[in-house]
Amino acid sequence: MLDWSYRLSDFLLFSPRVYWRMFELHNEALWPLPLATLALGIAMLILVILRPRRSGRWIAIVLAILWALVGWSFLWHRYAAINWAAFYIAPFFGLQALLLLVGGLLDRLRFDQSGVRHAAGCGLVTFALVGYPLLAPLSGRPWAGAEIFGITPDPTAIATLGFLVFVRAKMALLLMPIPILWCVISSTTLLAMDAWVGWIPAAAGLLALAALALRHRVSDETVQPGR
Amino acid sequence: MTFRPLTRRAVLAGGAALAASPLALPLRAQASQVLTRAIPSSGETISAVGLGTWITFNVGDDPVLRDECAAVMAAFFEDGGRMIDSSPMYGSSQPVIGYGLAKLGDAPVFSADKVWTSSDGPAQIEQSRQYWGVPRFDLLQVHNLLAWQDHLKTLYAMKEAGQLRYVGITTSEGRRHDLFEEIMRTEPLDFVQLTYNIVDREVEERLLPLAQDRGMAVIVNRPFQQGDLTRDLEGEPLPDWAAEIGAASWAQFILKFILSHPAVTVAIPATSRVDHVRENLAAATGPLPDQAMRRRMAAYVEQL
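Just so you know, the sequences run in chain order A and B. Taking the numbering used here, I'd label the letters of the first sequence as residues 241 to 467. Taking the numbering used here, I'd label the letters of the second sequence as residues 3 to 306.
Just chain A, same shape as in the assembly (with noise of 0.2 Å):
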């Protein structure tokens, strides 16, 4: 039977100190892994962009990998120590891992929506590469604590986001839900924390979604143009 009597605030194990502290020694423990990841997501920006042949799927191969490469690191081996829900989280970065990966040798990932939506996803995976690190200095924490896309779950599953809204509808309807996930997540851990960031991956989730409901409708019309 649920209790009711529980808040937000009693699931929280740890101190918003020990969370943010965990960031630095992350980057730290990675270090310069995360200014090469920071690098990849800016190339897989400017693939999407120009859309040469075949970017689609090594697009989805880096992505797979660093979804892959943050739920063991981060969730698995930094975020479980604190917070022992993470262990039951990370194998869903693993299973996102592997449909982007299947996604990608299949060829099945074509990043070619343009219009609203081509804005959309730039503007989510832009602010998931540039915004979310400036997040840090930002709330007054140091530098060194910024979440790097590729490092740490926030940036990267915004930016996944991002990419996917780039994605026809069937494979961005089963490639979303983790990343949704995890942005509703975290939006509760860090508002049960009293942290106004915590309004920022929700968002970005909700943002991600009216983009995908956009193209449904436009791509219904596109189909039926007589209705």
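These aren't lab readings, by the way, just hints derived from the structure by calculation. Note that CB positions come from ideal geometry on N, CA and C, so glycine has one too.
Going by beta-carbon spacing under 8 Å, a handful of chain A positions derived as facing chain B:
#: 1; residue: F254
#: 2; residue: M262
#: 3; residue: I322
Go by the hints and put chain B onto chain A.
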């Protein structure tokens, strides 16, 4: 519980942390003066202020924060504290306690932990023991009554075999008090752990008197409502008459109220700061409020 001297290194570590704290000096206890209470089932005495580890000791592998926790433990033992309480639910708190105990050497710890699983209790208990690095636990409690029938059987058997000294159950923030009371009435428990403070006083009605009747020691958790209570009060003036009971801060005011209830054995505030742990232990020195003063204290807080 074994009482052995702390290493000089450990004391120096605690002292260094103390020196860095501007609040610590006037709020410091002399270890010999810390109030002790008897555990009813054995007569063994224990310091009336212990150390909780919920959230505060869950610092993962962070080497800086692990050392800070060890400094808190050093100050705690140096000022006369004995009981440290944890749970498998508290993330990395158990290995962090183990780190501190190993760093401090032979600390006079009264080890209190919990079993919190719906399946293999003995395996979890053994894992917890290894994290702490102790030969056996002094006290094991069934955390929040989870699978309590099976776990109590296990704990009684461990006690019978000399692998454990005391058995208890826990709840927090007023949850499942009816079942808690039923278990207290039917099981031969040494300890019960529950939430009690100057604004959460429901347990005064039934559970605290029952613990006295049944000869059970009482551990009080969340004395500061996980810091919410002291944060709410910090902008309010401490009444002048708080000096009559030796309370120099709101934390001491609250702790003295808790400790003045005759059923209470140990209160276990959690902290990650050396000055706070010393301040908490200092609350277990000097006079405690009598009944009239308790009423005055509660009324004062209520009107704020």
